Amino acid sequence: MSIKRLIPILLTDGESLIKTKQFKNPKYIGDPINAIKIFNDKEVDELALIDILATKENRSPNFDLIQQITNECFMPLMYGGGVRTLSDFETLFRMGVEKVLVNRLLFDNPKVVTQAIDIFGSQSIVASLDLKKTFWTKDLKPYNYVKDKYIEFNSLDSILKFLEIDLKVGELFINFVDKEGTWLGLDLNLIQLIRSKTKLPLIVSGGAKSLDDIQQVFLNTNVDAIGIGAMSVYQGKDKGVLINFPKTENILEF
Amino acid sequence: MSVVVLDYGCGNIGSFENMLIHIGVDKKEIRFNIPEKLDEMSHLILPGVGKFDTAMNNLRNRDLIGRLQEIDQKGIPILGVCLGMQIMGQASQEGTLKGLGWFDGSCFAFNTVESNHRSVHMGWEYLNIPSQTTNVFDLEHKQKFYFMHSYHYKTSNDTEISAYSTHNEQKFVAAISKDNKIGVQFHPEKSHRFGMRLLKKFLNLSVDNLESCREI
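These protein sequence lines are chains A and B, in that order. Note that numbering that gives the first Met the number 0 has the first sequence beginning at 0, numbered continuously upward. Note that numbering that gives the first Met the number 0 has the second sequence beginning at 0, numbered continuously upward.
For the record, the hints were derived by calculation from the structure and aren't laboratory data. Since the structure is predicted, the reported quantities are computational estimates derived from the model, not experimental observations. Among the clues, some could well be false.
The calculated PhoX-like cross-link candidates involving lysine-lysine, where the alpha carbons are at most 20 Å apart (straight line), are [as the list claims (entries may be wrong)]:
id	chain 1	residue 1	chain 2	residue 2
1	A	LYS20	A	LYS236
2	A	LYS23	A	LYS36
3	B	LYS97	B	LYS153
4	A	LYS3	A	LYS137
5	A	LYS20	A	LYS238
6	A	LYS23	A	LYS198
7	B	LYS26	A	LYS36
8	A	LYS41	B	LYS73
9	B	LYS143	B	LYS199
10	B	LYS143	A	LYS3
11	A	LYS3	B	LYS141
12	B	LYS27	A	LYS246
13	B	LYS141	B	LYS199
14	A	LYS23	A	LYS132
15	A	LYS20	A	LYS148
16	B	LYS97	B	LYS36
17	A	LYS246	B	LYS143
18	B	LYS199	B	LYS26
19	B	LYS153	B	LYS177
20	A	LYS41	B	LYS141
21	A	LYS132	A	LYS20
A partial selection of chain A residues facing chain B, derived with a Cβ cut-off under 8 Å [to be verified]:
id	residue
22	ASN39
23	GLU42
24	ASP44
25	THR69
26	GLU71
27	PHE73
28	MET94
29	GLU97
30	GLY120
31	GLN122
Even for Gly, the Cβ is constructed at its ideal location relative to N, Cα and C.
Required output: the full structure, derived from the provided sequences and hints.
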């Protein structure tokens with residue numbers, strides 16, 4: 000039996016939790032430690048914390064905050080945001096982070112990623128791609144939110160091959176930028192497209208609106224995990240902040 | 000009650016501290032080093048993340064090996080977690096040094112025969128409890144725990160084995176116990192309610208109330 004994973008995706012500006020919509024207009028959500036305590040109570044199996052401003056602001060991860068969070072977390076934690084050097088990886092793993100997520104580093108300095116994989120093992124290194132449809136052709140391309148433009152690469156296929164075969168990362172985390180924070184539902188077609196292009200363990204995120212929506216994706220595609228952002232921090236679409244997690248007993252086993 | 004979560008440079012002791020506090024242990028009752036007088040401690044948790052030889056070297060360099068043997072001889076309940084469990088055995092394929100020798104078996108790398116097999120076991124997995132064990136883990140409830148390891152324990156002494164789990168479609172030893180000692184390959188401190196329940200049961204053991212670690 001394979002246990003599918005449902006992962007709350009928490010975004011931070013380095014201090015507080017925030018939430019964006021299509022990667023824009025960050026709104027304040029609350030204190031990260033309080034959120035962790037709630038997720039502990041909800042018995043979440045895995046959590047992701049992403050500092051979405053670290054690279055843009057050209058700063059390192061907030062290690063103090065991350066240490067507080069790993070101490071507080073009763074489940075494994077994946078961290079991403081501003082990871083640039085081998086020492087960053089080492090510090091994060093030593094603090095108790097289980098997996099490190101990399102995005103910019105894959106393109107800016109893939110050698111560091113390779114070194115990290117050699118030392119810490121591929122299972123602990125997750126490659127993150129933010130995919131956005133181009134205006135005219137509606138092709139899916141990786142988006143560089145720091146420079147607010149698309150990353151130049153031959154094709155989605157070639158990037159995926161690069162990650163799977165050249166770098167050999169342990170897992171792939173795909174964000175569908177156009178859907179993020181919209182509550183429009185996960186995009187089955189796009190998810191199936193990505194699934195068909197790579198054998199890597201796959202986490203998808205962007206647009207999840209309900210438990211039903213999530214179940215449909217698990218039933219109809221072979222993704223390993225779904226990340227939920229807005230669903231974890233808001234009461235509902237256009238509603239107020241509420242740190243929450245749906246009851247998943249018996250629905251994640253396929 | 001005085002729980003020692005041993006800090007020997009190999010594990011995130013903060014997570015244990017927080018989980019212990021969450022299940023009702025007073026912060027003052029938790030320490031990270033072994034007291035001069037062993038009467039002052041009631042339980043030992045041996046965490047472990049990293050490599051076998053690093054762990055054994057760290058213990059040796061901090062003069063802890065002798066102290067650990069004394070703690071064991073006194074019959075103080077000991078919980079070894081992940082690498083902390085592995086070092087309780089004889090040796091490991093991962094390193095060249097000897098373990099503490101409290102259990103008969105040793106650790107080996109996972110076989111990766113099929114293309115979908117992974118050398119590292121990372122993720123949540125269910126335990127299965129051998130029917131002949133009166134076990135630490137409660138047969139009634141389906142229990143899953145978080146695992147993260149590349150080496151696993153093998154022993155020819157079946158009486159040591161308290162639980163199995165599965166990886167690469169193969170059964171492997173997930174927990175061992177003997178007298179005052181329990182070893183778990185998984186991470187209770189990352190397994191929310193399942194981990195908390197395990198720790199509560201562990202804390203219910205005492206020097207005078209052991210019978211066997213199996214009978215909690």
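Hints and how they fare:
1. LYS20(A) / LYS236(A): holds (12 Å)
2. LYS23(A) / LYS36(A): violated (27 Å)
3. LYS97(B) / LYS153(B): holds (15 Å)
4. LYS3(A) / LYS137(A): Roughly 30 Å separates the two Cα atoms, so the pair is violated.
5. LYS20(A) / LYS238(A): Distance of about 14 Å is within 20 Å: holds.
6. LYS23(A) / LYS198(A): Cα-Cα ~31 Å, so violated.
7. LYS26(B) / LYS36(A): Distance of about 18 Å is within 20 Å: holds.
8. LYS41(A) / LYS73(B): Measuring from Cα to Cα gives roughly 39 Å; hence the hint is violated.
9. LYS143(B) / LYS199(B): holds (16 Å)
10. LYS143(B) / LYS3(A): holds (13 Å)
11. LYS3(A) / LYS141(B): holds (17 Å)
12. LYS27(B) / LYS246(A): Given that 20 Å is the threshold and the Cα spacing comes to 35 Å, the pair is violated.
13. LYS141(B) / LYS199(B): Holds, at about 17 Å.
14. LYS23(A) / LYS132(A): holds (16 Å)
15. LYS20(A) / LYS148(A): holds (17 Å)
16. LYS97(B) / LYS36(B): violated (27 Å)
17. LYS246(A) / LYS143(B): Roughly 17 Å separates the two Cα atoms, so the pair holds.
18. LYS199(B) / LYS26(B): OK: LYS199(B) and LYS26(B) at ~15 Å, within 20 Å.
19. LYS153(B) / LYS177(B): holds (15 Å)
20. LYS41(A) / LYS141(B): holds (18 Å)
21. LYS132(A) / LYS20(A): This hinted pair holds, its Cα atoms lying about 15 Å apart.
22. ASN39: Check passed: Cβ of ASN39(A) comes within 6 Å of chain B, closer than 8 Å.
23. GLU42: holds (5 Å)
24. ASP44: Cβ of ASP44(A) sits 6 Å from chain B, so the hint holds.
25. THR69: Constraint on THR69(A) satisfied, holds at 6 Å.
26. GLU71: holds (6 Å)
27. PHE73: holds (4 Å)
28. MET94: holds (7 Å)
29. GLU97: Interface hint status for GLU97(A): holds (7 Å vs cutoff 8 Å).
30. GLY120: Result: holds, 6 Å to nearest chain B Cβ.
31. GLN122: holds (4 Å)
Going down the numbered hints, you'll see the structure goes against 2, 4, 6, 8, 12 and 16, while the others check out.
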